[in-house]
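Colleague: Sequence lines, in order, name chains B and D. Residues in the first sequence are numbered consecutively from 1, following the working numbering. Residues in the second sequence are numbered consecutively from 230, following the working numbering.
The hints are simulated quantities; they were obtained by calculation from the structure and are not laboratory data. Don't be surprised by glycine CBs; every beta carbon is placed ideally from N, CA and C. One should not assume that every hint holds.
[Unchecked claim] Pairwise CB distance ranges (calculated):
(1) L247(D) with E121(B): 55 to 63 Å
(2) I476(D) with G109(B): 23 to 31 Å
(3) H77(B) with G495(D): 51 to 59 Å
(4) L247(D) with D27(B): 28 to 36 Å
(5) R523(D) with H77(B): 39 to 47 Å
(6) D66(B) with I414(D): 29 to 37 Å
(7) I476(D) with N168(B): 55 to 63 Å
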Amino acid sequence: MIHFDNVTKVYQNQNRPALDHVSVDVDKGEFVFLVGPSGSGKSTFLRLVLKEERPNSGAIHVAGKDLARLSNFKVPHLRRRIGCVFQDFRLLPNKNVYENVAFALEVIGKPRRFIRKVVPEVIELVGLEGKAHRMPDELSGGEQQRVAMARAFVNRPMILLADEPTGNIDPATSIGIMKVLDRINRTGTTVLMATHDAAIVDSMRKRVVELEDGKIVRDQSRGVYGQAY
Amino acid sequence: MRANFIFSEVWIGLRRNLTMTIAVIVTVAVGMALLGVGLMINSQVSSMTGYWTDKVELSVYLCKKDSAFESCKDKAGISQEQKVALEQTIKEMPEVESVEFEDAAKALENFKISENNRTLSAIVKVEDMPESFRVKLRDPDKAPAVIDTIEGQAGVSNIINERDLLENYFGFMNRLQYMALGVAILMVGAATLLIGNTVRLSAYNRRRETGIMRLVGASNVYIQLPFVLEGVIAGLIGGVFAAVLLITTKVLLFEGIQSYMAVPLGWDTVAGVITLTMAVGVIICILASFITLRRYLRV
Chain B
1 MIHFDNVTKV YQNQNRPALD HVSVDVDKGE FVFLVGPSGS GKSTFLRLVL
51 KEERPNSGAI HVAGKDLARL SNFKVPHLRR RIGCVFQDFR LLPNKNVYEN
101 VAFALEVIGK PRRFIRKVVP EVIELVGLEG KAHRMPDELS GGEQQRVAMA
151 RAFVNRPMIL LADEPTGNID PATSIGIMKV LDRINRTGTT VLMATHDAAI
201 VDSMRKRVVE LEDGKIVRDQ SRGVYGQAY
Chain D
230 MRANFIFSEV WIGLRRNLTM TIAVIVTVAV GMALLGVGLM INSQVSSMTG
280 YWTDKVELSV YLCKKDSAFE SCKDKAGISQ EQKVALEQTI KEMPEVESVE
330 FEDAAKALEN FKISENNRTL SAIVKVEDMP ESFRVKLRDP DKAPAVIDTI
380 EGQAGVSNII NERDLLENYF GFMNRLQYMA LGVAILMVGA ATLLIGNTVR
430 LSAYNRRRET GIMRLVGASN VYIQLPFVLE GVIAGLIGGV FAAVLLITTK
480 VLLFEGIQSY MAVPLGWDTV AGVITLTMAV GVIICILASF ITLRRYLRV
């Protein structure tokens, strides 16, 4: 599903590479934690999957597509198959929960009948039934992140990228978020989650890929966050 | 493509920076109106030039008794033989199409028709009017050569090329036209910059929305269209105002001076000018929006 082959990314005006000859394979339906300290290359990895950045060398395949050969014109279509969740939720403050989720479908031109059908379903999936007409500022951080996950998942993506989704949320609420991610993963969606949260990684017992200074230092199935922390 | 979604986005965008939108509308309106006025003057001048070019003649005035003109030295006026000889000379020139003699009585008649001042027309007598040859040329551009030849002939007091009179007037119209077009170009430049700035503000205001749109895979067209449409709608409204200004100009100005123009400015010309200025306005808006978006809305 995601295939990195010897990928190196150096940002302009920086001599140290953000990713240094990284090779990873993530299969369909896998749940992978991407761990490592700040600046280790986790976010760069996610940005490369979305083709927000281009690698300096190496090949990236996402959902069967060679990103180097994907024209800019087709990048939006790639992104429709990838859902994204961020630490800062990125909701539209002037739209309610339903509208925030529906927005993701409206802007890719889905018909209104389809939107009316799937949005309530996915709101229920993330556990926000009955809150469809709340505004984001009336919700807790955990609830806002659920809205963001609903928006990321509403188009049934093949891949869900989560960049520190629990970074702004207290540990108790984080468990609920992880349950939603697990539920999404069980529908067959590949989940790739970058995180600092050792407790979560340890409790989930999923595959762990650890980055340090842009290099993969550990790749273990059913791993934990690591002894050093 | 969901039209109502895009239009609601456009409406929100226009309302959010209302002041900039108004500035764009006013600049486009004034710029396009001036462009239109320039085009209208241009069409008026060219139709009038065509009309008058067929009609212009040289008036070769002849010496009378005690004429004050320098060239009538002998003060006895032109003799009958001189008149015949002069007419023959003029007729034989290759540039001349026809010659017509206008005696004093006919000159007075023509004068009374064209002169509005009653007192003046009442006191002018036949003896005051000069005799002349009305010379029609095959090519009005050859007038200077003809004038040079006739001027030296005995009995000729002075020659008036009617085109010189018209050219003063056309020259004025031309200057007016260039001024209108010059200001129009400045306004178009200002409008372009303003639209660019409006779109940039708009893109900044909606960076959250566009960021999410990018993320969920909205196509470039879907992301950029609302911004471009904002510019187009502002341009169109400006164009409508420009059209109103142009119609007002036609009614108040061009119809007001119509009595002095042999050829009136038709409504078909006005309609053409309005269509053209609207198209120019909208195209400028689209271009300005696209160029700005390329810089400020990375997709």
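Colleague: For every hint, state whether the structure bears it out.
Modeller: Each hint, compared with the structure:
no.	hint	in the structure
1	L247(D) with E121(B): 55 to 63 Å	violated (39 Å)
2	I476(D) with G109(B): 23 to 31 Å	violated (41 Å)
3	H77(B) with G495(D): 51 to 59 Å	holds (53 Å)
4	L247(D) with D27(B): 28 to 36 Å	violated (53 Å)
5	R523(D) with H77(B): 39 to 47 Å	violated (21 Å)
6	D66(B) with I414(D): 29 to 37 Å	violated (49 Å)
7	I476(D) with N168(B): 55 to 63 Å	holds (60 Å)
Violated hints for the displayed structure, listed by number in ascending order: 1, 2, 4, 5, 6.
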